[in-house]
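J.: Please build the complex by placing chain V on the supplied structure of chain R, with the hints as guidance.
Chains R and V, in that order, give the protein sequences. The first sequence stops at residue 444 when you use our numbering, and every number in between is there. The second sequence stops at residue 444 when you use our numbering, and every number in between is there.
Bear in mind the hints are in silico, worked out from the structure with no lab data behind them. Only a predicted model underlies this, so the values are computations on that prediction, with no experimental measurement involved. If a hint is listed, it holds; no wrong ones were tucked in.
Pairs count within a copy or across copies, as identical chains cannot be separated in the list.
Okay, derived cross-link-like pairs now, EDC-like style, lysine to aspartate or glutamate, Cα gap no bigger than 20 Å in a straight line:
#1 Lys197 with Asp137
#2 Lys190 with Asp68
#3 Lys257 with Glu226
#4 Lys197 with Glu152
#5 Lys257 with Asp268
#6 Lys40 with Glu93
#7 Lys190 with Asp31
#8 Lys257 with Glu234
The primary structure of each chain is shown beneath.
There are 2 protein chains.
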Amino acid sequence: MGQTRQLHLGAFMRPTTIHTAGWRYPGAWPDTNFNLPRLKYLAQRLEQGRFDAFFMADHLAVLNMPIDALKRSHTPTSFEPLTLLSALAGVTEHLGLIATASTTFEAPYHLARKFASLDHISGGRAGWNLVTTSNPDAALNFGLEEHVDHAERYRRGREFYDVVTGLWDSWADDAFVRDAESGLFLDPAKLHVLNHKGPHFSVRGPLNIARPVQGWPVIVQAGSSEDGRQIAAETAEVIFGAQNTLASGQAFYADVKGRMEKFGRNPDHLKILPGAFVVVGDTRQEAQDKRALLDSLVHDQSAIAALSIALGHDASGFDLDGPLPEIPESNASKSGRERAIELARRENLTVRQLAQKLGGYGGLQFVGTATDIADHMEEWLTTRASDGFNIMFPFLPAGLEDFVDKVVPELQRRGIFRREYAGTTLRENLGLPRPENRFFTPGS
Amino acid sequence: MGQTRQLHLGAFMRPTTIHTAGWRYPGAWPDTNFNLPRLKYLAQRLEQGRFDAFFMADHLAVLNMPIDALKRSHTPTSFEPLTLLSALAGVTEHLGLIATASTTFEAPYHLARKFASLDHISGGRAGWNLVTTSNPDAALNFGLEEHVDHAERYRRGREFYDVVTGLWDSWADDAFVRDAESGLFLDPAKLHVLNHKGPHFSVRGPLNIARPVQGWPVIVQAGSSEDGRQIAAETAEVIFGAQNTLASGQAFYADVKGRMEKFGRNPDHLKILPGAFVVVGDTRQEAQDKRALLDSLVHDQSAIAALSIALGHDASGFDLDGPLPEIPESNASKSGRERAIELARRENLTVRQLAQKLGGYGGLQFVGTATDIADHMEEWLTTRASDGFNIMFPFLPAGLEDFVDKVVPELQRRGIFRREYAGTTLRENLGLPRPENRFFTPGS
Chain R
1 MGQTRQLHLG AFMRPTTIHT AGWRYPGAWP DTNFNLPRLK YLAQRLEQGR
51 FDAFFMADHL AVLNMPIDAL KRSHTPTSFE PLTLLSALAG VTEHLGLIAT
101 ASTTFEAPYH LARKFASLDH ISGGRAGWNL VTTSNPDAAL NFGLEEHVDH
151 AERYRRGREF YDVVTGLWDS WADDAFVRDA ESGLFLDPAK LHVLNHKGPH
201 FSVRGPLNIA RPVQGWPVIV QAGSSEDGRQ IAAETAEVIF GAQNTLASGQ
251 AFYADVKGRM EKFGRNPDHL KILPGAFVVV GDTRQEAQDK RALLDSLVHD
301 QSAIAALSIA LGHDASGFDL DGPLPEIPES NASKSGRERA IELARRENLT
351 VRQLAQKLGG YGGLQFVGTA TDIADHMEEW LTTRASDGFN IMFPFLPAGL
401 EDFVDKVVPE LQRRGIFRRE YAGTTLRENL GLPRPENRFF TPGS
Chain V
1 MGQTRQLHLG AFMRPTTIHT AGWRYPGAWP DTNFNLPRLK YLAQRLEQGR
51 FDAFFMADHL AVLNMPIDAL KRSHTPTSFE PLTLLSALAG VTEHLGLIAT
101 ASTTFEAPYH LARKFASLDH ISGGRAGWNL VTTSNPDAAL NFGLEEHVDH
151 AERYRRGREF YDVVTGLWDS WADDAFVRDA ESGLFLDPAK LHVLNHKGPH
201 FSVRGPLNIA RPVQGWPVIV QAGSSEDGRQ IAAETAEVIF GAQNTLASGQ
251 AFYADVKGRM EKFGRNPDHL KILPGAFVVV GDTRQEAQDK RALLDSLVHD
301 QSAIAALSIA LGHDASGFDL DGPLPEIPES NASKSGRERA IELARRENLT
351 VRQLAQKLGG YGGLQFVGTA TDIADHMEEW LTTRASDGFN IMFPFLPAGL
401 EDFVDKVVPE LQRRGIFRRE YAGTTLRENL GLPRPENRFF TPGS
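Bound-form chain R, shown alone (with noise of 0.2 Å):
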């Protein structure tokens, strides 16, 4: 092969930082998530740096911890994901942008619409994080006394996807031809009817816009259950990772890669970017000595909230200084729950420091100067654990400074991240090809 394999980089901007002390370090900007001006810098520094794109998580509950915890959270306000991300497009031309939305409670015609919409006003740079939202609080803000279990939401969303790729795929390339002289504004014949039935969704279509620069928007995934990876072997493009060591980071890789293959797809078009917590100093002593500090500034309310939700279980009533006691089953997120077990079991941590290393952030971390950074990044890049990361602040803006001023640098020196983007679109960017139209081939 002639050029080296790339790595690719999200950067985690919903919240601005996970961490639940990002918000109150020294220096730091407490309210960036939601600051306009602020994320319009943050998004034009990212793009500075040459991210692949802007991703933003999503909730859709705010009630999800206790209220000594909620009064210490930097989350409860947010824009929007797709009028932020609209309006971060006029500010930005190459950064792509991710938001998250859920396939449990929206309705797919708007959501497809949405989606399509931000895709033409970026020229090309949308992408979906698809998610069936784990959050059981959630349901009570939409008319649901009890939450749908795990299975029945994957179910859901498997059909749901392919009732919003089927709206995407309305229009054909080229129907709208404009010809103002015979009065011809579309061609009738490049217009298809979905006329989807199916046991969730009964949607007629066609979508009241035209098909997406990009053709589909990029299709994100993150979970990582068992059904979480199949739905995602089929149809993502761009997976959020969770696997926070180098050697289950392969196994995922392999896996999920491997399960491609009998749905006749090429591996090399799904990037599996895991989730990094980055805090980089000019000394490694200095990384870690802004990792503590920022560690110190979370109360103990935060944390034991934090690894509550982690586990989908009340964790208040825990002995904060015995071990993590059996967790029950419940029908919350499967990997957040597995993480924090194994995180528990791995390093013989009682309930307190589980809770204080989640309440700040308990996955995949590289602290250390930017060659540390940069040695972590291409070990996980050749050894196949990763195609890239979706790079998590510890603060605003120092921490994103940090990264695109030092640690990118050091990245584009060995070869292995771009110094000018590929393409205009977050798809070329990606080096994802652009979908066939499923009821149109191009030039017929």
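T.: Below, chain V without anything else, positioned relative to chain R:
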């Protein structure tokens, strides 16, 4: 009174022209509905003309007319309103941004959140045109075989409004303290959990975004039926009216404003803006020639389709040279049907004549010189037939540029239209109060 009553002007911008043949007019941009740089230019020109707002109608289905009319229509591809308005917020500073959204096919939590987000992104310029959606084809895109009937749509719409405004009041205006020192991000005493349980919706809350800049985005409505007038008198702050004669405008104005008292509302806190199709010429003859040329570009097939939509009844079998037959009641918009029947009766039109008028535009129109048009507008204002207009342009960009460059200065010269914006929010420019939070008293 110190100051003459002032006109308020909205610009009807989705579709960018309501005239079926507007895209075919010589020199017109055929793709204005779906060309972002052009829409940005037009928004900036409207702001230069001191318009109150950019107003977007909406449609949730494409297949609402026969294919032979559809293929000549410029409306099937458009941006989704909220993503477009968020993009336009970045290139304007004062222009209000009003999007139509349906209470029949949306979830209140999503809708409250999106409009709150647009309001924050635009610095307080959002408006929500609350519609119950009269197009029965929309139901087929949302899993319903039969459209919801008119009265039931209005009952649901009324409850939907309560839920959305209640969610907007989830947080006191000063709830987010963000005190990094103490670690208190928000004051839990300034958080209200809605816990709405009604016949149509069960929504816990709170909303996951701070209270909108305007308290609530401006509430706009368009229904003219008995149900529509009643909900408007109780809740609307702007009415996009459909009255097409001075007398019917005065009657509607008096009726709706008269209904407000029993709800304890000040009639000045509702602005009635009928849609007005405006064609400007340097001479009256030139304006009439423009209108005639425009109408001549409407195909028969488009005309019959427009008549069918207005009636909520298939008109393709009607005798084109005969009078309009009796039309049975249907589940579609009552105001559109009644307006078409009244127009045919008043002007003694054949089916073809009526269809051509509706296929172009059959409602209120001002065709003449800037002086003529200003005369009409001033008469409507001073005789209390309206508080202004929602201007419909015949073609883009010239129809809009003519209005901004010729009619606006004439209105300003007469002292009935602003030369500078009064404030920074849409409410301030419309002269509407900021709603108090129903759950929190300022300073408490």
